[in-house]
Amino acid sequence: MRIGARLSGRVVRGVLTDGHRVLRQSTAEGARALHTVLRELGEPAPRRVCSVTLEVSDLLVEAVRHPRADLSVTPVSVLRVLPRTPQHVALTDHPSATLRSFVLHRATVCGGHDLFGTPLAPLDVASAVEAAREARRHGLGAISVVATGAVGAPGHERALAKAIQSAVPDMRVSLSHEVGGIGLLVRETAAVLNAALMSAVGRLVDRSQRAMRQLGDVPCWFATGDGGRVSAERLRALPVLALEAKWATTLLGAAVLNGRDNATIVVEDGATCTIGEVRDGLAHVAADRQGSLGVRLAAPQPVLTVTGVKEFRSWPERWLRGSPDDSPVIVRNGDLDLASVGAACCEPTSWVDHVVYAGSTDELRQQQRVTEDRARGMVATSDVPPGSERIVESSATALAYVRAGTYRLRVRAAAGGRR
Amino acid sequence: MNVVTAEDLPALAAGAHLLASGAGRTDIDGVLHWLSALLCERGPVPLVQPDELPSDTACAAIGLVGSVTALAELPMVGDEPLQVVRALEARLDTALGAVAALDAATVNALTPVAAAASLGLPLVDCDGMGRVFPLIHQTSFALAGRSLTPLAAVGATADTLVLDATPERAERLLRAAVNVSGGWMLTAIYPTTAARLLSAGIVGSISRAIAVGRALLDAADIDDLTMRLKALVDSRVLGTGRIVELEHRTRPADIGHPAYPSSIVVRSRAEPVRSIRLEAQNELLLALIDGAVAAAVPDIICLLDPQDGHVLDVESVTLGTEVQVVVVPAADVWYTPQGLDLVGPRSFGFPLDGTGRQGGLKPMFRRDSRPRHDLTDAVADLDQGGKAEVE
Numbered sequence: 000m001r002i003g004a005r006l007s008g009r010v011v012r013g014v015l016t017d018g019h020r021v022l023r024q025s026t027a028e029g030a031r032a033l034h035t036v037l038r039e040l041g042e043p044a045p046r047r048v049c050s051v052t053l054e055v056s057d058l059l060v061e062a063v064r065h066p067r068a069d070l071s072v073t074p075v076s077v078l079r080v081l082p083r084t085p086q087h088v089a090l091t092d093h094p095s096a097t098l099r100s101f102v103l104h105r106a107t108v109c110g111g112h113d114l115f116g117t118p119l120a121p122l123d124v125a126s127a128v129e130a131a132r133e134a135r136r137h138g139l140g141a142i143s144v145v146a147t148g149a150v151g152a153p154g155h156e157r158a159l160a161k162a163i164q165s166a167v168p169d170m171r172v173s174l175s176h177e178v179g180g181i182g183l184l185v186r187e188t189a190a191v192l193n194a195a196l197m198s199a200v201g202r203l204v205d206r207s208q209r210a211m212r213q214l215g216d217v218p219c220w221f222a223t224g225d226g227g228r229v230s231a232e233r234l235r236a237l238p239v240l241a242l243e244a245k246w247a248t249t250l251l252g253a254a255v256l257n258g259r260d261n262a263t264i265v266v267e268d269g270a271t272c273t274i275g276e277v278r279d280g281l282a283h284v285a286a287d288r289q290g291s292l293g294v295r296l297a298a299p300q301p302v303l304t305v306t307g308v309k310e311f312r313s314w315p316e317r318w319l320r321g322s323p324d325d326s327p328v329i330v331r332n333g334d335l336d337l338a339s340v341g342a343a344c345c346e347p348t349s350w351v352d353h354v355v356y357a358g359s360t361d362e363l364r365q366q367q368r369v370t371e372d373r374a375r376g377m378v379a380t381s382d383v384p385p386g387s388e389r390i391v392e393s394s395a396t397a398l399a400y401v402r403a404g405t406y407r408l409r410v411r412a413a414a415g416g417r418r
Numbered sequence: 000m001n002v003v004t005a006e007d008l009p010a011l012a013a014g015a016h017l018l019a020s021g022a023g024r025t026d027i028d029g030v031l032h033w034l035s036a037l038l039c040e041r042g043p044v045p046l047v048q049p050d051e052l053p054s055d056t057a058c059a060a061i062g063l064v065g066s067v068t069a070l071a072e073l074p075m076v077g078d079e080p081l082q083v084v085r086a087l088e089a090r091l092d093t094a095l096g097a098v099a100a101l102d103a104a105t106v107n108a109l110t111p112v113a114a115a116a117s118l119g120l121p122l123v124d125c126d127g128m129g130r131v132f133p134l135i136h137q138t139s140f141a142l143a144g145r146s147l148t149p150l151a152a153v154g155a156t157a158d159t160l161v162l163d164a165t166p167e168r169a170e171r172l173l174r175a176a177v178n179v180s181g182g183w184m185l186t187a188i189y190p191t192t193a194a195r196l197l198s199a200g201i202v203g204s205i206s207r208a209i210a211v212g213r214a215l216l217d218a219a220d221i222d223d224l225t226m227r228l229k230a231l232v233d234s235r236v237l238g239t240g241r242i243v244e245l246e247h248r249t250r251p252a253d254i255g256h257p258a259y260p261s262s263i264v265v266r267s268r269a270e271p272v273r274s275i276r277l278e279a280q281n282e283l284l285l286a287l288i289d290g291a292v293a294a295a296v297p298d299i300i301c302l303l304d305p306q307d308g309h310v311l312d313v314e315s316v317t318l319g320t321e322v323q324v325v326v327v328p329a330a331d332v333w334y335t336p337q338g339l340d341l342v343g344p345r346s347f348g349f350p351l352d353g354t355g356r357q358g359g360l361k362p363m364f365r366r367d368s369r370p371r372h373d374l375t376d377a378v379a380d381l382d383q384g385g386k387a388e389v390e
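Taken in sequence, the protein lines are chains A and B. Just so you know, we're using numbering that gives the first Met the number 0 here: the first sequence kicks off at 0 and counts up by one. Just so you know, we're using numbering that gives the first Met the number 0 here: the second sequence kicks off at 0 and counts up by one.
One chain only, chain A, in its complex shape (with noise of 0.2 Å):
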């Protein structure tokens, strides 16, 4: 037995499920909503309750939209490192408003790699640590490292990290490697988000844990954008991976409810249409997409289509066109939180997106075995059962104008069968 719940707003709304059938919802609102709920839900479950999920990115979107007292987000600084320091402002900022909202300080510094390893220049650890002091003496509490070649060399990131948490041992430090992607300021999205968050998430994943005693010893989960679930720890250490969780969510509720593998989801919610997929038993995502805060993130989010019900009830065959089957899932405004029952069901997953070289077709399939045997790696860690890690995707791509041999390699892998 499982429960899944979405937090958003002041509400609660939960499910206990049984393999793919809801036994019980319970929706309840306030500060203590999530106590409400899991106890609603808990108590009266036939069976023990083997795992709680959390689905929280309305919560967190709120926090970056309209910061309060309790969810609020902390200002950053960010530290740059790249060969040379940007000679007109324009570079030296992110070119998201919002993001340049909750940044109140920036410094760049010497170093990073090129996409292939080798470094770039010599890394300038003592202005970096001068630039996390300078921060610190601005009141910031928070700091992103961002280093251009970071994802194949993360190096740089790393020393920054342990000298500036040597020097100033209160800074919060969030590395843009940690969370993947290829692009400066796709990871300098994420790390930035990630720091500014991180307290927040903090404060509420300790609040969940909290409720959660009720149940006993039950992991608590937290629904991830990519359709999948992270621990509490992880999500403490990257709050942007729960962005986009909503919708990811929502589309596996739906395809689970109907008992389908493969599934085009058309959600009708007031005169708003948002139509997605299901493959696999997984949402269909992708990374580099700009999401609801209106940015671009490296982490895969589902991928999307939104238009009217009225133009989607005038011309279905046009918004559905190529969809995997002829009968797609649509779903309307309901008692059941479709989204709920999604986190209820989602699985750990792992998603690695890298450069690698690759002299021949041997070699690329040897980096690809790699590459997935680390994401495979990513999911056995997320406390599943053993040999239940399977590859849901592994692409490899040659990057144009370069080095003949050049790849970017994506793999995502996830826990489960098919149902």
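Note that these hints are calculated values from the structure, not bench results. Be aware that one or more of the hints could be misleading.
With beta-carbon atoms standing in for the labels, derived distance ranges [stated by the list, open to error]:
no. : chain 1 : residue 1 : chain 2 : residue 2 : range
1   : B       : L318      : A       : D268      : 24 to 34 Å
2   : B       : D158      : A       : D382      : 46 to 56 Å
3   : A       : S313      : B       : K229      : 46 to 56 Å
For each residue, glycine too, the CB sits at the ideal point set by N, CA and C.
Fit chain B to the given chain A structure using the hints.
Coordinates of chain B only, in the frame set by chain A:
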């Protein structure tokens, strides 16, 4: 005289993405942010036709050589346009009076605007490709006998290179420098005069990219976009479907070309179900429908998202991605025998004879075009040799 303003940049970037023939990349937000700030500070960039300038005005093409993915990872510092033009001017001992685009596709539609804004120079409304090709000598400038050297190149690491070499050696030397300089370098290349740009350049390419971009941004849906692109550039849709195969090193590669070849198979969903095989190496080069050639380089083969009309690139697609395959005719000059020798299917290793536009395609630049480069001009220019005139 026209101008390029900050408000034109989204359309220019969108149009340039389509003209990249699958080789573009969407996350050039940083470049757009910087360039927009630059144009707001310094005012719009004058966009001039070659014959609006004094005929002896010294010009050069500006373009980034290397990977846009590398650029996303290692952004520009901002002084590269100024540094690269100053390096070329020092070599030529002549100040440039205007800049043009090496290719008005990918981020290279934006870098000449940045150079013009940084230097306070007009931008000539022309380029050397009308799309993008992988090699720096695959240009209408080269076809007309213009020399690509001396050239200057500057990287984000401040590496500065001034190169005198034959075109083929310049390509290899520059590529080697790019690979150790972070994956990209900004170049000032093909020094020439305004008069030569008129005959050797593909005139109107910046305006055309903006117009294509406006169609992409303004279209209400994919069907509206299809009609707009058909009217504007005579595009045609080869099919819509899902990527079912994505393979690499599927054919031998010319070591002179960056990146290895790959193949994409799209299974169309409409009846009758067809298999659209796309051959790529940097750009999309060949499209076969059920084994028959439907389009071939120099045709511009593009991928669109069939739901929202966004341009997709080869680097971003994976198995299961839904695509619409669209073909846009290239500039006239590429369908001449000399043009096909330089950039036709055989030059990319396909045993096909380029026979011009497949399926009765019309020229992309058929409307509002300035006087065109033609075969007579090319032969006349070749007779004069490939010496840089600005020296």
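So, against the hints stated earlier in the document, which numbers end up violated here? 3
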